[in-house]
Each structure stands twice: as C-alpha cells, then as structure tokens.
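*Asks:* Make the full structure from the sequences, and use the hints.
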Amino acid sequence: AIKLHRQFAHPSANRLKSLLKDASVNDKAFLALIDEVSTNCDLCKRYKRTPSRPVVSMPLAYDFNDTVAMDLKVWDKERNVYFLHLIDLATRFSIATIINKKESE
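Start counting the sequence shown at 311; every next residue gets the next number (the working numbering).
Please note that a few of the clues may not be correct.
Distance windows between CB atoms, simulated [what the hints assert, rightly or not]:
| # | residue 1 | residue 2 | range |
| --- | --- | --- | --- |
| 1 | 361 | 319 | 19 to 25 Å |
| 2 | 366 | 403 | 39 to 45 Å |
| 3 | 352 | 387 | 50 to 56 Å |
| 4 | 357 | 402 | 45 to 51 Å |
Simulated from the structure, these hints should not be mistaken for lab results.
The structure presented is a predicted model; accordingly, all values stated were derived computationally and were not measured.
All C-beta atoms in this analysis are idealised placements derived from N, C-alpha and C, irrespective of residue type, glycine included.
*Replies:* Structure (structure tokens):
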C-alpha cells in the first residue's frame, strides 16, 4: 500500500481506492490499509492544502441599532482629548465625537 501511494504521487485515499476498485481489487483489509497509509504519510501531512477561508460571512446585525461597534481612541494625551467612534453594523452608519474624559458619569 505504501509503494502504491508513493508510485501514484501521493493520491488521496479515495482516489487510490477508486483506482483499485476499477482494477477489481476488493480486499477489505488492503483498502483499510490504504486509509492508514494516506493519513500517516509525512509528505501528505506536510504539503496538505489548507482549507479555504470563506469569502462572505453571515451578517452580525439585520436592523438599525441592533449591533453597534464602538472604539475610543486618544487624540491628545496631554490635554485628555479622546474621540469616540460608533458604527452601526447593519447600515454601516458611522459617527465620531470628541470627548474630554474616559470615565462615565
């Protein structure tokens, strides 16, 4: 099984099994050994293709003011000037304002 796996350029277990089934090889123990060989192959593990990242995702919010992202940044640290930035995740409406202290009232 190892020799076949290497000889056919490290195919997946399913591809090698279908090739053997086309050649009328129906030995269950040998087909199980092919699964083991392809999962334990060092080259296959090293160069395994990483799963692709999704292009889109589910929205976090559907209605206005449902979910809001907020960030507080320092504008001038010496004079305690900050700006607060809010973004509505459904509509992408954005607003920023200047504040003079971080503490809530």
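*Asks:* If you check the beta carbons of residue 357 and residue 402, does the distance land in 45 to 51 Å?
*Replies:* 41 Å, violated
*Asks:* Using the C-beta atoms of residue 366 and residue 403, is the stated range 39 to 45 Å upheld?
*Replies:* 21 Å, violated
*Asks:* Given the hint of 19 to 25 Å, is the C-beta distance from residue 361 to residue 319 inside that range or not?
*Replies:* 22 Å, holds
*Asks:* Could one say that the CB atoms of residue 352 and residue 387 fall in the range 50 to 56 Å?
*Replies:* 53 Å, holds
Hints 2, 4 from the earlier list are contradicted by this structure; the remaining hints agree with it.
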